[in-house]
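So the protein sequences, as listed, match chains Z and H.
So for the first sequence, our numbering puts the first residue at 11; every next one is plus one.
So for the second sequence, our numbering puts the first residue at 419; every next one is plus one.
Hints were generated in silico from the structure; no laboratory data involved.
All values reported here derive from a predicted model rather than from experimental measurement.
We put the beta carbon where it would ideally sit given N, CA and C, even for glycine.
Do not take every clue at face value.
Unchecked claim - Straight-line C-alpha distance at most 20 Å; calculated DMTMM-like pairs for lysine to aspartate or glutamate:
1) Z:K14 to H:D687
2) H:K548 to Z:D79
3) Z:K72 to H:D553
4) H:K490 to Z:D65
5) Z:K100 to H:D553
6) H:K490 to H:D707
7) H:K548 to Z:E82
8) H:K792 to H:E749
9) Z:K72 to H:D695
10) H:K661 to H:E625
Stated by the list, open to error - Per the computed footprint, the stretches of chain Z lying under chain H, defined by three or more beta-carbons under 8 Å from a beta-carbon of chain H, are:
11) 64-75
12) 80-92
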Amino acid sequence: MEAKEIEKLAKLARLEITQETIDETAKSITEVLALVDQLQSADTGDIAPMAHPLDAVQVLRKDEVTESDTREQLQAIAPATEDGLYLVPKVID
Amino acid sequence: MQWETVIGLEVHVQLATQSKIFSGSSTAFGAAPNTQANAIDVAMPGTLPVPNEQAFRYAVMFGLAINADIGKRSVFERKNYFYPDLPKGYQTTQLAEPIVGTGYVDITLENGEEKRIRIHHAHLEEDAGKSLHEDFHGMSGIDLNRAGTPLIEIVSEPDIRSSDEAVAFARKLHSIVTSLGICDGDMSQGSMRFDVNISVRPKGQEEFGTRTETKNLNSFKFMEKCIAQEVERQIELIEDGGKVEQQTRLYDGDTHTAKAMRSKEEANDYRYFPCPDLLPVILDDQYIDEIRQSLPELPDARAIRFTSEYGLSPYDAGILSAEADVAAFFEATTKASSDAKLSANWIMGELSARLNAEELSIGKSKVSSEQLGKLITRIKDETLTSKLAKQVFDHLWQGAADVDDVIETQGFKTTGDDELAGIVDNIIASNPQQVDNYRAADEIKRKKMIGFFVGQVMKATQGQANPQKLNALLQEKLG
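Working from the sequences, and respecting the hints, build out all of it.
So this is what it looks like as structure tokens:
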């Protein structure tokens, strides 16, 4: 892993990463990738990829409204709200 | 140089479920902000999504309607990106194993030609919330009521060659999803939204040009305008020696212009992976067959039935069958009037003119199908002439409740046969000079001169004489 790739990954994940820790992070991620490489060497040609580690099937629920308004409780722990809206730093794109 | 336009559409359709795709919150439109966003929808840690069976049923209905392969096993994946109206930091969607596989939709073009548009796939996913950028002290407001509303995203192949084809395709999809009853079809509330991929290439060239994507068009008209503008922009760019850049553009419905979104270096780096919170969804053949058996009538089948059952022309049948609510109104009117052709004419003429003028859907028509049907029976039994019927229609539109009441209270009634004969006798007796002139004239002159008598009788009956009867009567009495 190169420093540039680490910076890009950090940006995508919205993680702040200091210049000092980049080398260390690159090293540990490289180690993880080495482990992945080792796994990749296993022959899985005849095996269908799994979507989930559990060999189970999703249960579906009925289409019913079961939830009531919990805005007050949820907004009690929000940093900023107004007129029922959550406020966030301005985003325009 | 001759240019060819290549278009592919991605269409987001809000499914008409009561509750959200992964939570039991209501999906009703228009609630106060964030009152329909519970712990799952706002992405509280420790919550787990449970998929809504009805969303799958609706997606399968759509798949069957477009002759697609149904994904008996479908898998949700996480599409990762950061935006405040997406509180989890990823959209739960499908990618490698979607619920609906390849299918197709046939469209009819202006010139009557049929064209097949292939569907690449359609997948289930959740909608995001809404960001409000009005000024909240330099901040943005977030309403998460819409977050988690079930969507199917329908992805077409790049088979579309003009804005007309794109609109015909979009209308056909609208017609299919509303006929199935899986979407309310209300474009003004964002129930159907289009992303349009556009590129141009010299005619005859096999290779596609570089495409741009314009997002979030919510009306057929906007889509048509946007395509015309973007095609022109790309052609000009190339002819001036430039190059089209791959970019995402956002259409502004107020200014009718699109501009490039701030390009992100890491655009499209969504790092999809299977959602660990959700297991694969498995649907068996029995489940799919039951849905197939109970599919409602689709627009194409309805158009064919309208020609055979009601004797409509293919053109009329196409218009009246496209939307489920229009089709239902037509059938109810015909039932009440026992005359399909007249019912069709009134719905496509007088009624749709009024609806358009007041921007109403047919569901909000101020004249019911029963009353319109009754009005038509009054034309057929010669109580009303077409002209009088239009006046009665006016009264109904303005709030009158019943056709016969209007005829009675407003005195709208074609003059009765005996009464008409009396009036004709009177007019003849009191205009001896004109009668003599008429009788002396030849066939050709007579045709013009009879107008005088028609005018006199219409004046005397205040326009309520049946014109055919009056003509016949005058010719007989004048000899």
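Hint by hint, here is what the structure shows:
A distance of roughly 16 Å separates the Cα atoms of K14 (chain Z) and D687 (chain H); the hinted pair therefore holds under the 20 Å criterion. With a C-alpha separation of about 18 Å, the suggested pair K548 (chain H) and D79 (chain Z) falls inside the 20 Å cut-off, and the hint holds. For the proposed pair K72 (chain Z) and D553 (chain H), the alpha carbon gap of about 40 Å is over 20 Å, so the pair is violated. With a C-alpha separation of about 16 Å, the suggested pairing of K490 (chain H) with D65 (chain Z) holds against the 20 Å cut-off.
About 9 Å separates the Cα atoms of K100 (chain Z) and D553 (chain H), which keeps this hinted pair within 20 Å; it holds. For the proposed pair K490 (chain H) and D707 (chain H), the alpha carbon gap of about 12 Å is at most 20 Å, so the pair holds. A threshold of 20 Å between alpha carbons decides the hint, and for K548 (chain H) with E82 (chain Z) the separation of about 19 Å falls inside it, so the pair holds. With a C-alpha separation of about 13 Å, the suggested pair K792 (chain H) and E749 (chain H) falls inside the 20 Å cut-off, and the hint holds.
Straight-line distance between C-alpha atoms of K72 (chain Z) and D695 (chain H) comes to about 18 Å, which keeps the hinted pair within the 20 Å bound. With a C-alpha separation of about 15 Å, the suggested pairing of K661 (chain H) with E625 (chain H) holds against the 20 Å cut-off. With a cut-off of 8 Å between beta carbons, the stretch 64-75 of chain Z has 11 residues touching chain H; three or more are needed, and the interface restraint holds. Under the rule that three or more residues need a Cβ within less than 8 Å of chain H, the assignment of the stretch 80-92 of chain Z holds, with 6 such residues.
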